[in-house]
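In full-length UniProt numbering, the protein residues as written are 1 to 156.
Simulated from the structure, these hints should not be mistaken for lab results.
Treat the hints with care, since some could be wrong.
Within a straight-line C-alpha distance of at most 27 Å, the following computed DSS-like cross-link-like pairs (lysine-lysine) qualify [stated by the list, open to error]:
#: 1; residue 1: Lys21; residue 2: Lys33
#: 2; residue 1: Lys151; residue 2: Lys137
#: 3; residue 1: Lys73; residue 2: Lys52
#: 4; residue 1: Lys151; residue 2: Lys33
#: 5; residue 1: Lys132; residue 2: Lys113
#: 6; residue 1: Lys113; residue 2: Lys30
#: 7; residue 1: Lys93; residue 2: Lys30
#: 8; residue 1: Lys97; residue 2: Lys151
#: 9; residue 1: Lys30; residue 2: Lys97
#: 10; residue 1: Lys73; residue 2: Lys97
#: 11; residue 1: Lys151; residue 2: Lys132
#: 12; residue 1: Lys132; residue 2: Lys30
#: 13; residue 1: Lys73; residue 2: Lys113
#: 14; residue 1: Lys97; residue 2: Lys113
#: 15; residue 1: Lys30; residue 2: Lys131
#: 16; residue 1: Lys97; residue 2: Lys131
#: 17; residue 1: Lys137; residue 2: Lys73
#: 18; residue 1: Lys33; residue 2: Lys73
#: 19; residue 1: Lys137; residue 2: Lys97
#: 20; residue 1: Lys132; residue 2: Lys73
#: 21; residue 1: Lys52; residue 2: Lys93
#: 22; residue 1: Lys52; residue 2: Lys113
#: 23; residue 1: Lys21; residue 2: Lys131
#: 24; residue 1: Lys137; residue 2: Lys30
#: 25; residue 1: Lys93; residue 2: Lys137
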Amino acid sequence: MKQLDEVEIIDFDPAYREQFKQLNLAWIEKYFKVEEPDIRALSNPEGYVIAKGGRVFFARYRNEIVGTCALLKSSNEIYELGKMAVAPEAQGKQIGKKLCLHALETARQMGAKQVYLESNTSLTPALELYKKVGFSKVESCPSPYQRSNIKMQIDL
Numbered sequence: 001m002k003q004l005d006e007v008e009i010i011d012f013d014p015a016y017r018e019q020f021k022q023l024n025l026a027w028i029e030k031y032f033k034v035e036e037p038d039i040r041a042l043s044n045p046e047g048y049v050i051a052k053g054g055r056v057f058f059a060r061y062r063n064e065i066v067g068t069c070a071l072l073k074s075s076n077e078i079y080e081l082g083k084m085a086v087a088p089e090a091q092g093k094q095i096g097k098k099l100c101l102h103a104l105e106t107a108r109q110m111g112a113k114q115v116y117l118e119s120n121t122s123l124t125p126a127l128e129l130y131k132k133v134g135f136s137k138v139e140s141c142p143s144p145y146q147r148s149n150i151k152m153q154i155d156l
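Required output: the full structure, derived from the provided sequences and hints.
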C-alpha cells in the first residue's frame, strides 16, 4: 500500500502531452495496431477530450509521469474511461487502480450516472482491474476501434 500512497494523480498539463501520447502508443503497438481514432485522440487531447467536456489525468510516481487515462464525455450523465496506460516499469504498483478510481470519483463529481469503457478480452490484467473497481460486462455496440471486443460499465 505504501507504493500506492506515493502515486499522485494530477490533471492534464500541456507539458505532459507527449507522455499521454507515448504511454498509450506503447501498449497499443505492443498488442494491436494504431488506428485513426487513436491518432486523433493522442495527438490532440485538448481538442479531442478536454474541449468536449472531458478530463485527462496523469499518475506521477517519484517525480515521473508513469500513467495516464482520459474521461471522455458522451453526454451529461455518461462518460467513457479511455486511453488508460501505465508504463511497463511501473506496472504492479496499483497505479492503474488509482487512476481508475480517481477518474470514477471525478465523473461522479461532474454529475455522471454511468461510466463505460471498451477493451479487448486479451487484456486480462486490465479487465481484472476494471472488475475489481466495479465495472461489469454489458452488450457491446459498434466501436470506432477494431480492437474493441468487450464493453464494460459501472453505474455511479
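For this session: May I ask which of the numbered hints given earlier this structure violates, with the numbers listed in increasing order?
Result: Violated: hints 6 and 21.
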